[in-house]
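Chains as they are written, first to last, in the numbering used here: chain A, 1 to 283; chain B, 1 to 282.
Read the hints as simulated data drawn from the structure, not as lab findings.
Please note that a few of the clues may not be correct.
Quick list of in silico lysine to aspartate or glutamate cross-link-like pairs, EDC-like style, CA-CA up to 20 Å [stated by the list, open to error]:
1) B:Lys-257 - B:Asp-136
2) B:Lys-96 - B:Glu-168
3) B:Lys-137 - B:Asp-173
4) B:Lys-56 - A:Glu-57
5) B:Lys-56 - A:Glu-223
6) B:Lys-191 - A:Asp-33
7) B:Lys-178 - B:Asp-127
8) A:Lys-96 - A:Asp-164
9) B:Lys-273 - A:Asp-164
10) A:Lys-96 - A:Asp-108
11) B:Lys-249 - B:Asp-101
12) B:Lys-273 - A:Glu-247
13) B:Lys-249 - B:Glu-99
14) B:Lys-123 - B:Glu-224
15) B:Lys-257 - B:Asp-127
16) B:Lys-191 - A:Glu-247
17) B:Lys-175 - B:Asp-136
18) B:Lys-178 - B:Asp-136
19) B:Lys-100 - B:Glu-168
20) B:Lys-38 - A:Glu-223
21) B:Lys-175 - B:Asp-127
Here are a few chain A residues that sit away from chain B, every Cβ distance over 10 Å (derived from the structure) [unchecked claim]:
22) Tyr-3
23) Glu-9
24) Leu-28
25) Ser-40
26) Asn-43
27) Leu-88
28) Leu-99
29) Ala-111
30) Gly-112
31) Val-113
32) Ile-264
Predicted model only: the values in this text are computed from it and were never measured.
Glycine included, every Cβ here is placed at the ideal spot set by N, Cα and C.
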Amino acid sequence: MKYKTPYPELLSTAIIWAIAASVTGALLWLLSDVFWHGMSQVNWEFLTQSPSNAGREGGIAPIIVSTALIVGVCLVVSIPLGVGTAVLIAEFAANKSILGRLVRLSLDVLAGVPSIVFGLFGNAFFCKTLGMGFSILSGGLTLACMVLPILIRSTQEGFRAVPDDYRRSAAALGVSRIATLWELLLPAAMPGVAVGLLLGLGRAIAETAALIFTSGYVDRMPESLWDSGRSLSVHIYDLAMNVSGGEANAYASALVLVSFLVLINSAISWLAQRFRQSKILVV
Amino acid sequence: MKSRIFTPLFIGFAASLVQSCSKPPEAATKSADQLQGKLVLTGSSTVAPLAAEIAKLYEAEHSGVRIDVQSGGSSRGIADARQGVADVGMVSRSLKDNEKDLQTFTIAKDGISIIVNNANPIKRLTDKQIVDIYTDKINNWKQVGGIDAPITVVNKAEGRSTLELFAEHFKIDTKNIKADVVIGDNEQGIKTVGGNPNAVGYVSIGSGEYAATHQTPIKLLPVEGIAASITNVTNGTFPISRPLNLVTKTTPTGLQKDFIDFARSQQVQDIVKEQYFVPAAQ
Numbered sequence: 001m002k003y004k005t006p007y008p009e010l011l012s013t014a015i016i017w018a019i020a021a022s023v024t025g026a027l028l029w030l031l032s033d034v035f036w037h038g039m040s041q042v043n044w045e046f047l048t049q050s051p052s053n054a055g056r057e058g059g060i061a062p063i064i065v066s067t068a069l070i071v072g073v074c075l076v077v078s079i080p081l082g083v084g085t086a087v088l089i090a091e092f093a094a095n096k097s098i099l100g101r102l103v104r105l106s107l108d109v110l111a112g113v114p115s116i117v118f119g120l121f122g123n124a125f126f127c128k129t130l131g132m133g134f135s136i137l138s139g140g141l142t143l144a145c146m147v148l149p150i151l152i153r154s155t156q157e158g159f160r161a162v163p164d165d166y167r168r169s170a171a172a173l174g175v176s177r178i179a180t181l182w183e184l185l186l187p188a189a190m191p192g193v194a195v196g197l198l199l200g201l202g203r204a205i206a207e208t209a210a211l212i213f214t215s216g217y218v219d220r221m222p223e224s225l226w227d228s229g230r231s232l233s234v235h236i237y238d239l240a241m242n243v244s245g246g247e248a249n250a251y252a253s254a255l256v257l258v259s260f261l262v263l264i265n266s267a268i269s270w271l272a273q274r275f276r277q278s279k280i281l282v283v
Numbered sequence: 001m002k003s004r005i006f007t008p009l010f011i012g013f014a015a016s017l018v019q020s021c022s023k024p025p026e027a028a029t030k031s032a033d034q035l036q037g038k039l040v041l042t043g044s045s046t047v048a049p050l051a052a053e054i055a056k057l058y059e060a061e062h063s064g065v066r067i068d069v070q071s072g073g074s075s076r077g078i079a080d081a082r083q084g085v086a087d088v089g090m091v092s093r094s095l096k097d098n099e100k101d102l103q104t105f106t107i108a109k110d111g112i113s114i115i116v117n118n119a120n121p122i123k124r125l126t127d128k129q130i131v132d133i134y135t136d137k138i139n140n141w142k143q144v145g146g147i148d149a150p151i152t153v154v155n156k157a158e159g160r161s162t163l164e165l166f167a168e169h170f171k172i173d174t175k176n177i178k179a180d181v182v183i184g185d186n187e188q189g190i191k192t193v194g195g196n197p198n199a200v201g202y203v204s205i206g207s208g209e210y211a212a213t214h215q216t217p218i219k220l221l222p223v224e225g226i227a228a229s230i231t232n233v234t235n236g237t238f239p240i241s242r243p244l245n246l247v248t249k250t251t252p253t254g255l256q257k258d259f260i261d262f263a264r265s266q267q268v269q270d271i272v273k274e275q276y277f278v279p280a281a282q
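Put together the whole structure using the sequences plus the hints.
And the structure:
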């Protein structure tokens, strides 16, 4: 006798599949749209030339370099600060202490602040008060402020996921707290750090509002961190919204941006895995 | 082994700190050493692409000069020029009475046209009809001789100079405008109207004419019987036009003056046309 799947079960299976398919479908649609419109424009010249005629012609080489520098400044500042703060509130501050609660609360509030507010803050503080002007440095630091809460919160979750047995065993063996942290806890918490980095970087690299007021609009090849530089997302925004006939290159730039995101995501996952395995812990 | 990943990061961080400390920000030099240094322009997002192209040509001719063009809106151009944050502000409208403390230099002109979707049978709208549509006294195309369909009113966001010029020409108080869609930039307006057969909006003639001749399904309606075209802005007959201005706090000197003169010269006329604007009559 053949087993017959009951009707309601079939239905619920179908619904769940349909939901999953529509989510994947939305992503695929977006990607294929960008790919379809952008592919014909992207070639070696596009990646290595400077934009001309307000971005309608030419390439995006200076914009790629600016984007890389802005994101680089952001990471160099936010990783040590972010992981450091996460270590403090996860490992050293008691869970119920006023300090820990205060830091966590302010981080959650910060994480919800719209990026345009960070942009205005960055413009007022880094560009004007600190006198950095429109520069890659201002942009990178503004992004760092924006990324920090995300990075800290998910790193902290990473530490919380490490079983207390690890800490007790290390203490029982007489391992110092610093060594425990560096050799044991940090590698074990690495997935959390990686997730934080992915989310943060994704937000940073796709940011427009915070950057237009800080790193600016100049599409020249930057010579130092003090130069203003246009990021990819600002370039896409300007071409799509401000320049008649800029649409083709906007799509091409979007394709480059999406490709970078995919590459970076894979690289971070790989690096995190390597770091974890290079330590004593192989799970 | 320990620090395979983090050491390089820290070194990079330290190196960037050293580099950034040893190199103070270059302020704009307006000293006697002319045609050297950096000039900062901020303001109207309509003028920014044009100014950036002019700046590129200028830099090509003066190797010691760097001109940074930043975007952000006309109001920002005025504020930055006043506070001295920028050497030159960009403003895409005539200055108001309380802004007359600034020096103005027109580098190009631009007109504003009313656009509707190609599928819309409407050929023209009177000024009165446009006012009534934007103040919600008319809300169906049937009332102005079109098909029986509700009108989608597309308006610019507050603070945009296109909105100010539009409101000034039609004598509408911006507070009375009842918009269905509020947009920021010209291209957004074109896309909105191009995608909605019942929408009406207004955009810069340059962008509008470009879009209409490049497969976007929109058409430009005449104003007071005069066709909306770049030609009619050039000869001054088109009623709604605006100047694209550079503004400075004081009488320009040195590099500032040289660049402004350059931006108003015959040399940049081709660039102005390439950006779908109208060269200012010399």
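Here is how each hint holds up against the structure:
1. B:Lys-257 - B:Asp-136: Outside the cut-off at roughly 47 Å; violated.
2. B:Lys-96 - B:Glu-168: 12 Å, holds
3. B:Lys-137 - B:Asp-173: Holds - the C-alpha atoms of Asp-173 (chain B) and Lys-137 (chain B) are around 14 Å apart, at most 20 Å.
4. B:Lys-56 - A:Glu-57: Given that 20 Å is the threshold and the Cα spacing comes to 14 Å, the pair holds.
5. B:Lys-56 - A:Glu-223: 16 Å, holds
6. B:Lys-191 - A:Asp-33: Since the Cα atoms of Lys-191 (chain B) and Asp-33 (chain A) sit roughly 17 Å apart, the hinted pair holds (cutoff 20 Å).
7. B:Lys-178 - B:Asp-127: 17 Å, holds
8. A:Lys-96 - A:Asp-164: With Cα atoms ~17 Å apart, Lys-96 (chain A) and Asp-164 (chain A) stay inside 20 Å; holds.
9. B:Lys-273 - A:Asp-164: It is violated: about 69 Å lies between the C-alpha atoms, which goes past 20 Å.
10. A:Lys-96 - A:Asp-108: 16 Å, holds
11. B:Lys-249 - B:Asp-101: Holds: Lys-249 (chain B) and Asp-101 (chain B) sit about 7 Å apart, inside 20 Å.
12. B:Lys-273 - A:Glu-247: Holds - the C-alpha atoms of Glu-247 (chain A) and Lys-273 (chain B) are around 19 Å apart, at most 20 Å.
13. B:Lys-249 - B:Glu-99: Roughly 10 Å separates the two Cα atoms, so the pair holds.
14. B:Lys-123 - B:Glu-224: Within the cut-off at roughly 12 Å; holds.
15. B:Lys-257 - B:Asp-127: 41 Å, violated
16. B:Lys-191 - A:Glu-247: Cα-Cα ~11 Å, so holds.
17. B:Lys-175 - B:Asp-136: 12 Å, holds
18. B:Lys-178 - B:Asp-136: 6 Å, holds
19. B:Lys-100 - B:Glu-168: Measuring from Cα to Cα gives roughly 18 Å; hence the hint holds.
20. B:Lys-38 - A:Glu-223: 13 Å, holds
21. B:Lys-175 - B:Asp-127: 18 Å, holds
22. Tyr-3: 51 Å, holds
23. Glu-9: 42 Å, holds
24. Leu-28: Holds, since 22 Å exceeds 10 Å.
25. Ser-40: 16 Å, holds
26. Asn-43: With a cut-off of 10 Å, Asn-43 (chain A) remains clear of chain B, as the shortest Cβ separation is near 23 Å.
27. Leu-88: Non-interface label stands for Leu-88 (chain A): nearest chain B Cβ at 17 Å, farther than 10 Å.
28. Leu-99: Given a closest Cβ separation of 26 Å, the condition holds.
29. Ala-111: Nearest chain B Cβ is 23 Å from Ala-111 (chain A), so the label holds.
30. Gly-112: 24 Å, holds
31. Val-113: Fine: 20 Å to the nearest Cβ keeps Val-113 (chain A) off the interface.
32. Ile-264: 15 Å, holds
Of the hints listed earlier, those the structure fails to meet are numbers 1, 9, 15, in rising order.
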